[in-house]
Amino acid sequence: MPILDHLWVILVLPLAGAAINGLLGKRWPQSRVNLVAVGSVTLAFLAVAELVREFWQLPSEQIPFVGNYFTWMVAGPFRVDFTLQVDQLTVVMLLTVAFVGMLIHIYSTGYMAHEGGYYRFFSYLNLFMFFMLTLVMAANLVVMFVGWEGVGLCSYLLIGFWFLKKSAADAGKKAFITTRIGDFGFTVGVLLVFATFQSIDFGTIFQALAANSVSEATLTIICILLFAGAVGKSAQLPLYVWLPDAMEGPTPVSALIHAATMVTAGVYMVARMNPLFSRAPIAMLLVAVVGAVTAFYAATIGLVQTDIKKVLAYSTVSQLGYMFLACGVGSYSAGIFHLMTHAFFKGLLFLAAGSVIHAMGGEQNMMKMGGLAKKTPITFWTMLIATLAIAGIPGFAGFFSKDKILEVTHAGSSGNLVLWFLGVAGAGLTSFYMFRLVFLTFFGEPRYDEHHIHVHESPKNMTIPLVILAVGSIFGGWFAAPHLVGGPDYFDGFLKPVFSSYAPPSMSEAAEAGIAPSPASELLHALTGWPVIVAVVGLLVAWWFYIKNPEAPKRLATSLHGLYTLLLNKYYVDELYRAVIIRPLLWISTNVLWHGVDEGLIDGIVNGSARVARAAGGRLRELQSGNTRSYATWVLIGVVGFTVLLLALFVTGVH
Amino acid sequence: MSIIPVSYYLVLSAVLFGLGVIAFVFKRNIITVFMSIELMLNAVNLAFVAFARAHNQLDGLVFVFFVIVVAAAEAAVGLALVIMIAQNRQSLSVERMNHLKF
Chain A
3 MPILDHLWVI
13 LVLPLAGAAI
23 NGLLGKRWPQ
33 SRVNLVAVGS
43 VTLAFLAVAE
53 LVREFWQLPS
63 EQIPFVGNYF
73 TWMVAGPFRV
83 DFTLQVDQLT
93 VVMLLTVAFV
103 GMLIHIYSTG
113 YMAHEGGYYR
123 FFSYLNLFMF
133 FMLTLVMAAN
143 LVVMFVGWEG
153 VGLCSYLLIG
163 FWFLKKSAAD
173 AGKKAFITTR
183 IGDFGFTVGV
193 LLVFATFQSI
203 DFGTIFQALA
213 ANSVSEATLT
223 IICILLFAGA
233 VGKSAQLPLY
243 VWLPDAMEGP
253 TPVSALIHAA
263 TMVTAGVYMV
273 ARMNPLFSRA
283 PIAMLLVAVV
293 GAVTAFYAAT
303 IGLVQTDIKK
313 VLAYSTVSQL
323 GYMFLACGVG
333 SYSAGIFHLM
343 THAFFKGLLF
353 LAAGSVIHAM
363 GGEQNMMKMG
373 GLAKKTPITF
383 WTMLIATLAI
393 AGIPGFAGFF
403 SKDKILEVTH
413 AGSSGNLVLW
423 FLGVAGAGLT
433 SFYMFRLVFL
443 TFFGEPRYDE
453 HHIHVHESPK
463 NMTIPLVILA
473 VGSIFGGWFA
483 APHLVGGPDY
493 FDGFLKPVFS
503 SYAPPSMSEA
513 AEAGIAPSPA
523 SELLHALTGW
533 PVIVAVVGLL
543 VAWWFYIKNP
553 EAPKRLATSL
563 HGLYTLLLNK
573 YYVDELYRAV
583 IIRPLLWIST
593 NVLWHGVDEG
603 LIDGIVNGSA
613 RVARAAGGRL
623 RELQSGNTRS
633 YATWVLIGVV
643 GFTVLLLALF
653 VTGVH
Chain B
34 MSIIPVSYYL
44 VLSAVLFGLG
54 VIAFVFKRNI
64 ITVFMSIELM
74 LNAVNLAFVA
84 FARAHNQLDG
94 LVFVFFVIVV
104 AAAEAAVGLA
114 LVIMIAQNRQ
124 SLSVERMNHL
134 KF
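Chains as they are written, first to last, in the numbering used here: chain A, 3 to 657; chain B, 34 to 135.
Hints may contain errors.
[Claimed, not checked] FRET-style restraints, in silico, Cβ to Cβ:
| no. | chain 1 | residue 1 | chain 2 | residue 2 | range |
| --- | --- | --- | --- | --- | --- |
| 1 | A | Leu647 | B | Glu71 | 24 to 34 Å |
| 2 | A | Gly610 | B | Gly51 | 40 to 50 Å |
| 3 | A | Ala617 | B | Gln123 | 32 to 42 Å |
| 4 | B | His88 | A | Leu648 | 14 to 24 Å |
| 5 | A | Leu647 | B | Val39 | 21 to 31 Å |
| 6 | A | Leu648 | B | Arg129 | 33 to 43 Å |
[As the list claims (entries may be wrong)] From chain A, some residues computed to sit far from chain B (all C-beta separations above 10 Å):
| no. | residue |
| --- | --- |
| 7 | Asp7 |
| 8 | Ala18 |
| 9 | Leu26 |
| 10 | Pro31 |
| 11 | Gly119 |
| 12 | Ala213 |
| 13 | Glu365 |
| 14 | Pro396 |
| 15 | Leu562 |
| 16 | Ile584 |
| 17 | Ile590 |
| 18 | Glu601 |
| 19 | Gly602 |
| 20 | Ala634 |
| 21 | Thr635 |
| 22 | Leu638 |
[To be verified] Simulated pairs of lysine to aspartate or glutamate, DMTMM-like, Cα-Cα distance not exceeding 25 Å:
| no. | chain 1 | residue 1 | chain 2 | residue 2 |
| --- | --- | --- | --- | --- |
| 23 | A | Lys167 | A | Asp89 |
| 24 | B | Lys60 | A | Glu117 |
| 25 | A | Lys498 | A | Glu56 |
| 26 | B | Lys134 | A | Glu624 |
Derived by calculation from the structure, the hints in this document are not laboratory data.
Bear in mind the structure is a predicted one, so any value in this text is a computation, not a measurement.
Backbone N, C-alpha and C define an ideal beta-carbon position, used for all residues, glycine too.
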């Protein structure tokens, strides 16, 4: 079992790549930087593949497989070991992260070829892979937190990659600070977990939970705090505002970090902590509500955006909402399933959008595109596949996962019609804005200056990852396909040990009841179900608006002027935050903390003590007049003084 | 004939020392200042000798020799300095030797 005994190898490979490129890559030719960066990630992927092969042969009582590498810190009862673990959930995450990460590294060698700071980009990207893999393999909350913060750091570095551009640097800061708000909750949650369970190891926590000694109130508070971290990291209401701005980063970064992997860390964390969440129904309801509302809300903003990457960013926020909705109604496997398919099709959408931007010479406004289908055929077909997948057209990956989520929301004891309605409505909007994107970009007449912009298909190292991801976007969901005709759901079955081992008894019974295969008519039910209907309606509406009657959108925007402006300005949430949070914070920081505490109090003490010393010195230096006789006088005064003192002591008898 | 009490010597020593101090502080001529130092040293010598005699011990006498040796060395160095100052400044006033200051 070579890799299972050396899990750390998977982490060290990208870390070494980051270090080598970061320290030595500056003077290297691009080909050598490519070799190190892509090579290390490819090796990491191969190591993961070998790990999965070995994992299949493990007897089930050895799962989760835990490797303990060294003791990180011990402080009284607080003990942190650097432990990594592998179970079914880790395997799914590892395969997704390593595979998509590898493809995006390859793609980046083409996309970033003409950019400065080439070695820096790949060094950050490798570092990101290291932290992301740490995050998913961690066997305790503190190691997970290291990965959690590390990916946040890399996100910041890569959003602000073009740091000379003010908007990019600002977007990096916004992302870092906004997620930090959630991370505060996460940190407090971790501490509360330790205070409650005297351990931060997943295994120990879950076993203690099974003994059922912790009150539901405590669990609810812990879960809400942890979920706050997930809300920040995974860009849910109300902390989603950083993700659209994060599109300032290079497009491969948007694909890898802000669509496929990092932003899903919140979903992964909730799924990982499922024994806690399953015992805290109120927290679960909160997760589901936040997820469903975000899914719908972000989709509405996506309807009117004109920047191709902004549409995809709001779409990501929306899809992450679906994943939380699934976790919130208790079907963690559906959430992780959507996470995986989403990594394929959303990664592909971003990479294809990057290819479009590359072809257009940097133009991101869809209103200035059009008719690209013939000139960039590979980009067009792969993007169309990804769009069909995200819209939930039957047969493509997104259909299976999204349908599963809406099904579990609708059915079972935890079913909720309002949440289901929000989900279905969001699905219709998703279909509409995605096909709007495709129609505006690839169909119709060109709306750009054909004399100045020479549209060309991207090079092979960019198109090959597109094609591979397109294959994933079609077949990635087929694990669940037999379920539609009444058979087993392989994905759900695979993850079942993770989500039912420590589940409370009531939950697992309900899950059994809900999962029980229904008759074959389920196929008919799924195909004609609302999710598919709204997806097709969305497609048709988009077709009618943007192909049949290109003038219609403008007329609608005029007649629904108020709503249109509201959506175009993203519900004025950024402005609201600016007025309610940033302004007062800035005012307090400037007037109270800066001018008051810092300048008044702290500088006052420091400068004041300096002023006292200077004044005293000014007086005292006059003693050194250079006049020998005055020195003699001082000596004399001293001697007389001491003599008098001695005499006084002698006389009073205190000696 | 009774022995002169040791306190007489001590008073004389204190008076001589006080005169030396006063002269050191108030005189301007560097040679006079120098002489006042010698006066103070010898006032102390007198006190040593008086105590040595009164307690019938040699320690005080030994110390006096040390003081005389130091005074001789000091006179050699000090007078050399005085000559150099006189050559450079054409003056023996200590008032004008005030350049070592802030």
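Comparing the hints with the structure gives:
For the pair Leu647 of chain A and Glu71 of chain B, the supplied restraint of 24 to 34 Å holds, since their beta-carbon distance comes to about 29 Å. The hint said 40 to 50 Å for the Cβ distance between Gly610 of chain A and Gly51 of chain B, and at roughly 46 Å that hint holds. Our hint of 32 to 42 Å for Ala617 of chain A and Gln123 of chain B holds, since their Cβ atoms are close to 40 Å apart. For the pair His88 of chain B and Leu648 of chain A, the supplied restraint of 14 to 24 Å holds, since their beta-carbon distance comes to about 21 Å.
With their beta carbons about 25 Å apart, Leu647 of chain A and Val39 of chain B fall inside the hinted range of 21 to 31 Å. The beta-carbon spacing between Leu648 of chain A and Arg129 of chain B, approximately 37 Å, falls within the hinted interval of 33 to 43 Å. Every Cβ of chain B is farther than 10 Å from the Cβ of Asp7 of chain A; the closest lies at roughly 74 Å, confirming the non-interface assignment. Remark: the non-interface label on Ala18 of chain A is consistent with the geometry, its nearest Cβ contact in chain B lying 61 Å away (cut-off 10 Å).
The beta carbon of Leu26 of chain A sits about 56 Å from the closest Cβ of chain B, which is more than 10 Å, so the claim that it is off the interface holds. Against chain B, the non-interface label of Pro31 of chain A holds: every CB pair exceeds 10 Å, the least being about 63 Å. Every Cβ of chain B is farther than 10 Å from the Cβ of Gly119 of chain A; the closest lies at roughly 55 Å, confirming the non-interface assignment. In this structure Ala213 of chain A is separated from chain B by more than 10 Å, as the shortest Cβ-Cβ distance comes to about 78 Å.
Listed as a non-interface residue, Glu365 of chain A keeps its Cβ farther than 10 Å from every Cβ of chain B; the least gap is roughly 71 Å. Separation of Pro396 of chain A from chain B is adequate, the least Cβ-Cβ distance of about 93 Å exceeding the 10 Å criterion. Remark: the non-interface label on Leu562 of chain A is consistent with the geometry, its nearest Cβ contact in chain B lying 82 Å away (cut-off 10 Å). With a closest Cβ-Cβ approach of about 53 Å to chain B, Ile584 of chain A is found to remain outside the 10 Å limit, as its non-interface label requires.
Consistency note on Ile590 of chain A: stated as away from chain B, and its beta-carbon is indeed over 10 Å from all of that chain's, at 47 Å minimum. The claim that Glu601 of chain A is not at the interface with chain B holds, since no C-beta of that chain comes within 10 Å of its own (minimum 33 Å). The Cβ of Gly602 of chain A lies farther than 10 Å from every Cβ of chain B, with a closest approach of about 34 Å, so its non-interface assignment holds. With 10 Å as the threshold on Cβ separation, the claim that Ala634 of chain A sits away from chain B is violated: the shortest Cβ distance comes to roughly 6 Å.
Distance to chain B contradicts Thr635 of chain A as a non-interface residue, since its nearest Cβ pair spans about 6 Å, not more than 10 Å. Interface exclusion of Leu638 of chain A from chain B breaks down, the closest Cβ pair being 6 Å apart, not more than 10 Å. This hinted pair does not check out: Lys167 of chain A and Asp89 of chain A have alpha carbons roughly 43 Å apart, beyond 25 Å. At most 25 Å may separate the alpha-carbon atoms for a hinted pair to count; Lys60 of chain B and Glu117 of chain A exceed this at roughly 85 Å.
Between the alpha carbons of Lys498 of chain A and Glu56 of chain A the distance comes to roughly 19 Å, so the proposed pair stays at or under 25 Å and holds. A threshold of 25 Å between alpha carbons decides the hint, and for Lys134 of chain B with Glu624 of chain A the separation of about 9 Å falls inside it, so the pair holds.
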